[in-house]
Amino acid sequence: MRATSSARSRWGLRTLGLGYLTVLLLAPLVMIFYKTFEHGLAPPIDAITSPDGLHALKLSLLMVAIAVPLNTVFGVGCALLLVRHKWKGNAVIDAIINLPFAISPVVIGLSLFLLYGTQGWLGPSLSEAGIKVLFSVPGMVLASVFVSLPFVVRETVPVLQEIGTEQEQAASTLGANAWQTFWRVTLPAIRWGVAYGVVLTTARVLGEFGAVSIVSGQISGETETLPLFVEKQFANFNTAGAFGASVVLALLALTTLLAMNVLKRKEDA
Amino acid sequence: MGITVEGATKSFGDFQALNDVSIDVPNGSLTALLGPSGSGKSTLLRAIAGLETLDGGRVLIDDEDVSKKPTQKREVGFVFQHYAAFKHMTVFENVAFGLKIRKWDKDKISGRVHELLGLVQLEGLADRYPSQLSGGQRQRMALARALAVEPQVLLLDEPFGALDAKVRKDLRTWLRRLHDEMHVTTIFVTHDQEEAMDVAGQLVVMNEGRVEQSGSADELYEQPATEFVMSFVGEVNRLGEQYVRPHDMTVALDRDDGAEEAMVQRIVALGFEIRVEFVLGDGTEVWAQLTRAELQKLELREGQIVYLRPGEIKSFNGDVPSSDGHGASTPHSPPDDDDAEVSAAV
Chain A
1 MRATSSARSR WGLRTLGLGY LTVLLLAPLV MIFYKTFEHG LAPPIDAITS PDGLHALKLS
61 LLMVAIAVPL NTVFGVGCAL LLVRHKWKGN AVIDAIINLP FAISPVVIGL SLFLLYGTQG
121 WLGPSLSEAG IKVLFSVPGM VLASVFVSLP FVVRETVPVL QEIGTEQEQA ASTLGANAWQ
181 TFWRVTLPAI RWGVAYGVVL TTARVLGEFG AVSIVSGQIS GETETLPLFV EKQFANFNTA
241 GAFGASVVLA LLALTTLLAM NVLKRKEDA
Chain B
1 MGITVEGATK SFGDFQALND VSIDVPNGSL TALLGPSGSG KSTLLRAIAG LETLDGGRVL
61 IDDEDVSKKP TQKREVGFVF QHYAAFKHMT VFENVAFGLK IRKWDKDKIS GRVHELLGLV
121 QLEGLADRYP SQLSGGQRQR MALARALAVE PQVLLLDEPF GALDAKVRKD LRTWLRRLHD
181 EMHVTTIFVT HDQEEAMDVA GQLVVMNEGR VEQSGSADEL YEQPATEFVM SFVGEVNRLG
241 EQYVRPHDMT VALDRDDGAE EAMVQRIVAL GFEIRVEFVL GDGTEVWAQL TRAELQKLEL
301 REGQIVYLRP GEIKSFNGDV PSSDGHGAST PHSPPDDDDA EVSAAV
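Sequence order for the protein chains is A and B. Here my numbering is used: the first residue of the first sequence is 1, the next is one more, and so on. Here my numbering is used: the first residue of the second sequence is 1, the next is one more, and so on.
It should be emphasised that the hints constitute simulated quantities derived from the structure, not laboratory data. By construction, the Cβ of each residue, glycine as well, lies at the ideal position given by its N, Cα and C atoms. Warning: the hint list may mix true and false statements.
As the list claims (entries may be wrong) - Cβ-Cβ distance ranges computed for the label pairs, FRET-style:
#, chain 1, residue 1, chain 2, residue 2, range
1, B, Asp62, A, Pro188, 32 to 40 Å
2, A, Val73, B, Phe15, 49 to 57 Å
3, B, Asp198, A, Leu258, 19 to 27 Å
4, A, Val262, B, Asp127, 21 to 29 Å
Unchecked claim - Some chain B residues flagged as far from chain A (calculated, every beta-carbon gap over 12 Å):
#, residue
5, Val76
6, Phe78
7, His88
Unchecked claim - Calculated from the model, a selection of chain A residues having no Cβ within reach of chain B, i.e. all distances over 10 Å:
#, residue
8, Lys35
9, Leu99
10, Ser127
11, Ala170
12, Ala189
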């Protein structure tokens, strides 16, 4: 009796969980794929191989190529500072790092707009120096870095705490200086945590819409990333283009998530 | 490569871990830092390695002041209680680590690593990862790793603390033999007095951040300088202000002048040794260590009234040891001054 009832409740829970995921997550995704290829392969492929579409794809990948390494280096350094160098200011740093999680990306975009705009604190002096931040790539990089900043730090801190300091101390007694200890002992020990953070950062940068949409000015073929391209095609009733680009975006995201799962399994092993 | 520490002090917040500690460890010796947890023994060892920075005082290795030198330049081998194995490296890579840092060429590294793995009896396990080794094997790997770079001194921080009793005993015998072969100046930290006496030629007893006494095992046992040493090194009964070793208790069945009346509370047979617990008239609990033969002769049973005569009594007034009376139950060996190589300023 007990076995049957517990089996029944287990199946009940599974059905509920899967049902919930299907309605909320899978159904919309399936719908996108269905709608995209409803009239064959040609319309979506045409849309994303258009000059604007290709440019948007390249720009999105460029954002990843710049923002992810920056946040990885910063994230690992910041995690080392937080975990290995106990200091009163650490609590403040820790809270500041969480800001991008707490603040809406639109607000982040607006604040960058105010800071670097013609009326802002930094805008006038930068434009005098010939550096254009708003409505160009530098501003978009700033926005991408901002919104994806916490991931590597948050994933690395617990791993650093877990490995402790003894291995690093052992390395120093064996003659390794701080740099050698970091590369040969610390980094290999935390590598899966860092990799996990990198994957999450990549996914976040790829999908970023709000902050980038404000600082970029959304100029087609110039400052339009893939999410911005999707939104513009959709607003212009070019559903084939919108869906096609969405599928590309979804596939990129799925690839990073898949990479994350592979890494996770490696970490567990 | 003797080690000298002069006037070392170190505090962690309000806690004073080291309070004006000076020790002198002669070249080639095997010395134990013995004390309860919180006595400062690990902090002292870590300060010698440069893993802790002293608030005051100096550390000299081979008469050179290394107080300002970073750990990686002190050329010390250090073995941690929890092994500190590099988990992402194989046994071979772990042992080779210090040699790679020193930019040895590959063939030389390979030769040296295999030589050391032979020494610590891990020849067949070079390609294993630390997670695939037992605790004892991991600690031997850690020892090989520390010895690979031919350190000036070898420092071991409770090296057998995380191992079970059997492995512990094997490893300490093995460590003593290894030291006899290598003659590298070695300091090891332990809270286990039996382990310290078994392995080390000289002992430094620490308590509450200070050195209580140092000397050979015999010296500490026969001539303890303080109450703490008396009770920490070997077993002891306390009778008011006086201390007596359980094997210095003579048990008599007939009333005797100067002997105390006591009731046998419990008789515990521990193989050859018998532990008899008594309660005195004033409620003090003491015990005596008897042999099986002595017990059979006395025919003691629980609840019986007997008369105890403490043999050699020690009392400590102003930390000056004084002997009072000599028991016949144990031969008293005179302190051997040649063994007292470790001098300590308390």
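How the hints compare with the structure:
Take Asp62 (chain B) and Pro188 (chain A): their Cβ atoms lie about 34 Å apart, and the range 32 to 40 Å holds. Checked against the hint of 49 to 57 Å, the pair Val73 (chain A) and Phe15 (chain B) fails, with Cβ atoms roughly 38 Å apart. Checked against the given bound of 19 to 27 Å, the beta carbons of Asp198 (chain B) and Leu258 (chain A), roughly 57 Å apart, lie outside it. Our hint of 21 to 29 Å for Val262 (chain A) and Asp127 (chain B) holds, since their Cβ atoms are close to 25 Å apart.
The Cβ of Val76 (chain B) sits about 6 Å from the closest Cβ of chain A, inside the 12 Å cut-off, so the non-interface label is violated. With a least beta-carbon separation of about 4 Å from chain A, Phe78 (chain B) fails to lie farther than 12 Å from that chain, contradicting its non-interface assignment. Listed as outside the interface, His88 (chain B) is inconsistent with that label: its C-beta sits roughly 5 Å from the nearest C-beta of chain A, within the 12 Å cut-off. Non-interface call for Lys35 (chain A) relative to chain B: holds, since the shortest CB-CB distance, roughly 47 Å, exceeds 10 Å.
With a cut of 10 Å on Cβ distances, Leu99 (chain A) stays outside the contact zone with chain B, its closest approach being about 32 Å. The non-interface label for Ser127 (chain A) is consistent with chain B: the shortest C-beta to C-beta separation is roughly 48 Å, beyond 10 Å. In this structure Ala170 (chain A) is not separated from chain B by more than 10 Å, as the shortest Cβ-Cβ distance comes to only about 4 Å. Once the 10 Å rule is applied to beta carbons, Ala189 (chain A) is inconsistent with being away from chain B; the minimum gap is 6 Å.
Taken one by one, the earlier hints fail for this structure at numbers 2, 3, 5, 6, 7, 11 and 12, listed in ascending order.
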